[in-house]
Each structure stands twice: as C-alpha cells, then as structure tokens.
Amino acid sequence: MNIQAAITIYKFEMARFRRTIFQSLVAPIITTSLYFVVFGAAIGSKIESINGVSYGSFIVPGLIMLYLMTESINNAAFGIYFPKFVGSIFEVLSAPVSSLEATVGYVGAAASKSTIIGLMIFLTSNLFVTHDIKYPLVMAVFIILTAITFSLFGFIIGIWAQNWEKLSIIPTLLVTPLVFLGGSFYSIDMLPEFWQKVSLLNPVFYLISGFRWSFFGTSEIPIALSIVAILSFMAICLLVIAIIFKTGYRLRT
Amino acid sequence: MKSQISIENVSKVFGTHKALNNVSLEIKKGEIFALLGPNGAGKTTLISAICGLCRQSTGTIKVNDFNTLSQYKETRNQIGLVPQELPLDGFESVYNSCQFSRGLFGLKDNRDHIEKILKTLSLFDKRDEQIFGLSGGMKRRLLIAKALAHEPKILFLDEPTAGVDVSLRRDIWRLIEDQKKMGVTIILTTHYIEEAEQLADRVGIINKGEIILVKEKTTLMSEFSKKTTFIRLSKKLKHPSFMKKNKKISLTENGMTLKLVGINDTSNELQSIVNLLSQNGIAFTEINTVDNSLEDIFLDLVETQ
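Listed in order, the protein sequences are those of chains A and B.
With the first letter of the first sequence counted as 1, position 12 gets the number 12 in my numbering; the numbers rise by one all the way through.
With the first letter of the second sequence counted as 1, position 237 gets the number 237 in my numbering; the numbers rise by one all the way through.
In case anyone wonders, no lab produced these hints; they're calculated from the structure.
Each hint should be verified, as a subset may be incorrect.
Claimed, not checked - In silico DSSO-like links for lysine-lysine, alpha-carbon gap of 27 Å or less: (1) 208/B to 247/B; (2) 246/A to 139/B; (3) 62/B to 153/B; (4) 84/A to 180/B; (5) 126/B to 73/B; (6) 227/B to 29/B; (7) 180/B to 11/A; (8) 11/A to 73/B; (9) 226/B to 246/A; (10) 11/A to 108/B; (11) 215/B to 235/B; (12) 84/A to 215/B; (13) 84/A to 139/B; (14) 227/B to 11/A; (15) 248/B to 11/A; (16) 208/B to 226/B; (17) 84/A to 126/B; (18) 217/B to 235/B; (19) 226/B to 29/B; (20) 2/B to 18/B; (21) 2/B to 108/B; (22) 18/B to 208/B; (23) 84/A to 11/A; (24) 246/A to 227/B; (25) 119/B to 11/A; (26) 84/A to 29/B.
Stated by the list, open to error - Okay, the calculated beta carbon distance ranges per label pair: (27) 67/B to 242/A: 31 to 41 Å; (28) 221/A to 67/B: 30 to 40 Å; (29) 290/B to 1/A: 55 to 65 Å; (30) 1/A to 39/B: 17 to 27 Å; (31) 14/B to 197/A: 48 to 58 Å; (32) 9/B to 228/A: 43 to 53 Å.
Just so you know, even glycine gets a beta-carbon here, dropped at the ideal spot from N, CA and C.
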C-alpha cells in the first residue's frame with residue numbers, strides 16, 4: 001500500500017487549511033459567538049430549560065454538529081473539486097495511488113479540519129455557558145464519525161460537481177436545512193405531533209440527538225439508533241466512492 | 001532493443017467518436033520516440049491511456065510487461081508525465097509542489113534531488129515562491145520538474161515546448177537529451193516537426209486515431225526524402241513550353257527561379273533539364289539542391305491519407 005501517497009495528499013490539504021487559517025477558524029468562532037449571544041442570552045433567557053438543561057447549553061451540541069457537518073462537506077468537496085477545476089488532478093490519477101489511498105488523504109484532511117473547527121466551537125461555547133460532558137468518549141467518537149462520514153459525502157459532491165454552483169447546491173439546499181430542522185436549536189418534543197413524526201425521517205436528527213446524549217445523558221431516541229444511523233450513512237458513502245473509483249465517474253474519461 | 005511499452009489493438013471511443021482506432025505500437029527502452037499528428041489525431045488520448053488518465057475501450061497496454069489496468073501501480077510507478085496544459089495549484093510553492101509529486105509515488109522528501117532538478121531547470125531561485133507568480137515558461141519548466149521528481153524510467157512529454165521562447169525550447173531539448181543519456185525512455189508529442197527532427201530516434205505518425213507510420217527517423221528521412229532543386233535564372237521567364245511536358249518542374253511566382261521537385265542532382269534528368277535550358281537560350285546563375293524536411297514528409301503523409 002502506498003501510505004506515503006495518502007500522507008502526501010493529507011499534508012498538502014492541511015497546508016491549504018493553514019494558509020487560510022483566519023478564514024477557516026475565526027469565521028466559525030465569530031458566528032458561533034453570535035449564535036450564543038442571540039439564541040443563548042437574548043432569546044434563550046425567555047425559554048424554559050429543556051429536560052433540565054438550560055437552553056444555552058442545549059444548543060451547544062447542535063451548533064457543533066451544524067459546523068461539523070457543513071465544514072466536513074465543504075472542505076472535502078473543495079479539496080477534490082479544486083484540483084479537478086484547475087486540472088492538477090491529473091497528477092493523482094496518473095500516480096500509483098489507489099482509490100483507498102486517495103480517499104484516506106482527501107477525506108482524512110477534510111475530517112481533521114472540521115474536527116479542529118468543531119473543537120474550537122466547543123471551546124468557544126465554554127465562554128458563554130458552563131456544562132459538564134457526561135460521556136466524553138462517546139462525544140469524541142461521535143465527532144470523529146460525523147466528521148469522517150460527512151467528509152466522505154462532501155468528497156462525493158466534489159467529484160460529482162462540474163461547476164461552482166453544483167458544488168454549493170447540496171450543502172446549501174439540502175444539508176443546512178436538514179441540520180436546522182434536525183433539532184439543532186430545539187427538542188422535537190416542542191413540535192406538534194405531526195412534525196415530530198416528520199423529523200424522524202430526517203437522518204441528521206439521529207446524529208444530533210445521539211451527540212446531545214453524550215453531553216447530557218438524555219436524548220429523544222436511543223443512542224444505539226444514532227450510532228446505527230451514522231454507520232449506515234458512512235457505509236453508503238463508502239460504497240458510492242468505491243463505485244466512483246471503479247467506474248472512473250467524472251475523474252477518468 | 002527490448003520493448004518497454006507495448007500497445008496492442010487499442011481503441012478508445014468517446015460517444016460516437018473513435019479517438020483511437022486499433023492502435024498497436026512498441027516503444028523501445030532508452031529511445032526518444034516522437035509521436036506526430038495534427039490536432040485531434042489522438043496523440044493525447046494515447047498518452048492518457050498509457051498513463052492512466054483514461055481507460056481504453058478495447059486492447060491492451062503493457063509497460064515493462066505490467067498491464068496498465070490490472071497492474072496500474074507497477075506501470076505508473078515508472079512513468080513521469082508532462083501534460084500539454086499548465087494544470088497547477090497556484091497557491092502552492094514551487095518546492096512543495098515538486099515534493100507533492102514525489103510523495104504521490106510513495107517516495108519520501110528528498111531535498112537534494114528536488115533542488116538539483118530545480119537548479120537544472122533554472123527554478124531554484126523561485127523554489128519558495130507561489131506558482132501564481134511564475135511566468136508561463138517557468139510553469140512549463142515546473143511541470144517538467146514535477147514529472148522528474150520521482151525519477152521516472154519513462155517520461156511522457158505532451159507538447160513540452162508549446163508556447164515557449166526559442167531559448168527555453170533549446171534548454172528543454174538539452175534536458176531531454178540529458179534524460180536520454182541517463183537511460184530514460186522519452187515519448188514526445190509535438191507540433192514542432194523541427195523538434196522531432198532534432199531529438200527523435202524514431203517517429204510515429206498518427207492521424208484520425210490510427211498510427212499510419214512508425215520508422216527510424218533516419219530511415220524515414222531517406223525513404224521519403226525528395227530533393228528539391230532550385231535553378232536561379234538570369235532573366236525572368238514566362239512559362240516556357242518544355243515545362244508543360246514535365247510536371248516536376250514549376251516556376252516560382254517572380255519568374256526568376258525554376259523549382260524541380262524529386263529530381264536528384266546527380267541524375268541524368270537534371271542534366272537533360274540543364275541541356276534544355278541551354279538549347280532554349282535560357283541562362284542561369286546558380287543551381288541549388290536541398291533535402292526536404294521531416295515537416296514536408298509529415299504533411300505529405302497526413303494529406304495523402
């Protein structure tokens with residue numbers, strides 16, 4: 001196995017992250033801080049605690065998930081789309097690099113970047129709310145699984161996209177609404193019964209609920225279901241990537 | 001000489017367009033092979049199929065007996081590719097870009113080797129600069145440096161001197177000759193026939209997706225060589241009658257020179273034309289015979305196909 005190639009791609013992508021460190025880190029931190037000011041302090045003070053958790057603390061897992069998912073998708077999609085756009089992808093395609101090695105390099109870097117951003121948001125949240133993590137190990141597992149899974153999804157989008165519009169269309173029109181409607185800022189118990197049932201069709205809901213469980217020990221659905229949901233989505237993404245590399249879809253003519 | 005690349009009955013179809021049509025070709029170890037052809041002839045498609053950028057629809061390609069599809073790691077490990085365009089990540093530095101290329105081939109960073117290549121290509125002073133800041137010629141050289149970063153045994157150069165100035169073109173030619181001396185097999189596609197004439201050991205001509213000819217350059221030049229003789233006249237002529245009988249003779253536009261195509265300067269035919277001129281009282285000042293170039297041969301072959 002050409003491990004050196006995977007490391008090379010990983011380092012190359014992380015170097016891109018370092019070059020744009022201000023944009024990559026400072027922007028999410030400022031936006032998160034605004035969320036806490038608006039939802040946590042201004043609106044949150046008018047909302048009763050949810051399952052014994054203050055509203056400010058309740059939204060922390062949702063906010064981390066929001067960034068973790070969107071940043072994973074954006075980083076991975078851009079990471080593979082940009083070399084396709086400028087044509088430099090020819091280097092990877094003509095090198096002795098397997099689909100697994102290329103995926104590990106690109107997806108690993110995207111997942112690392114979004115994990116760093118997720119942790120920065122978690123640290124920022126500590127400036128506004130105090131909370132104990134009930135199951136820190138589960139939290140770490142959830143962060144890593146979500147970052148990898150959504151980076152795989154972003155990688156697929158980056159290969160599929162043939163222009164900049166397509167690159168942003170799925171994150172903007174599908175993922176962001178799913179994250180917002182997946183209980184990032186509310187408990188589905190607060191919804192009418194019909195919308196509670198609709199929320200169960202939203203795969204992101206299972207992830208946010210499971211992640212919230214690692215913080216507070218309570219969630220709307222069993223934790224095992226959340227883990228099955230994320231592993232299932234990961235398996236689907238891996239299968240799609242395997243097919244892409246086998247057929248050369250939008251990579252090789 | 002042993003074949004290093006073996007291409008057997010390779011076809012590539014894009015929709016209804018057949019970009020390669022049953023191509024078979026052997027590339028020998030250590031040679032410089034020039035692949036010539038007009039735009040859209042299939043040169044880049046053939047290179048792409050060998051290097052793994054596209055998959056042939058039918059046929060087999062082997063590099064040192066390794067199959068490019070089922071043993072792609074072994075085949076690609078041996079190949080360096082300089083593409084026709086300038087596809088570079090402009091935000092990266094020159095050195096890191098070369099190191100990236102080397103790393104993809106499973107090799108760890110080797111500063112000495114990369115710096116040596118950058119020095120050879122006059123890019124050493126630019127090693128820490130972003131690629132965006134480089135001129136077109138420098139970017140072309142950087143692509144060559146990147147292709148050499150993993151010390152390939154086979155080097156593909158797809159139009160390596162397209163759009164570069166004369167001085168840089170000579171530098172690149174020198175580098176190609178140096179690589180050959182080091183035992184590297186070089187496959188070159190070019191529009192500049194002069195380039196093939198200067199560098200190639202063998203020449204292949206591809207047109208409409210088919211290889212129409214493969215020859216040693218010297219054999220090609222001698223087999224297809226036509227001499228052209230120019231007779232400079234003392235006075236302007238207006239279509240003399242003896243010209244009508246011989247299609248090999250034409251008069252240049254200014255009427256001051258007779259052009260004789262395919263007539264050997266030592267043949268009786270030339271002697272009889274000179275006699276004819278004397279008999280008709282046509283004086284001349286100079287007779288000059290030149291060999292036709294590879295470009296003339298190429299154009300003849302492509303146009304007659």
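- Query: Has the given pair, residue 208/B with residue 247/B, been kept, meaning a C-alpha gap of at most 27 Å?
  - Reply: violated, 31 Å
- Task: With a cut-off of 27 Å on the C-alpha distance, tell me whether residue 18/B and residue 208/B pass.
- Result: holds, 8 Å
- Query: Between residue 11/A and residue 108/B, does the CA-CA distance stay at or below 27 Å?
  - Reply: holds, 13 Å
- Message: Hinted pair, alpha-carbon criterion (27 Å max): residue 84/A, residue 180/B. Please report holds or violated.
- Response: violated, 32 Å
- Is residue 126/B close enough to residue 73/B, meaning Cα to Cα at most 27 Å? Distance of about 32 Å is beyond 27 Å: violated.
- Query: Is residue 226/B within 27 Å of residue 246/A, Cα to Cα?
  - Reply: violated, 51 Å
- Given the hint that residue 2/B pairs with residue 18/B, test it: the Cα-Cα distance must not exceed 27 Å. The given pair, whose Cα atoms are some 30 Å apart, is violated under the 27 Å limit.
- Is residue 215/B close enough to residue 235/B, meaning Cα to Cα at most 27 Å? Violated, at about 43 Å.
- Message: residue 11/A and residue 73/B were given as a pair; does the straight-line alpha-carbon distance stay at or below 27 Å?
- Response: holds, 22 Å
- Given the hinted pair residue 84/A and residue 139/B, is their alpha-carbon gap at most 27 Å? Holds, because 18 Å separates the two Cα atoms, which is no more than 27 Å.
- Holds or violated: residue 248/B with residue 11/A, Cα cutoff 27 Å? violated, 67 Å
- Item | Hint check for residue 242/A and residue 67/B - Cβ pair distance inside 31 to 41 Å | This hint is violated: roughly 21 Å between Cβ atoms.
The structure is inconsistent with the numbered hints 1, 2, 4, 5, 6, 7, 9, 11, 12, 14, 15, 18, 19, 20, 21, 24, 26, 27, 28 and 30, although it conforms to all the rest.
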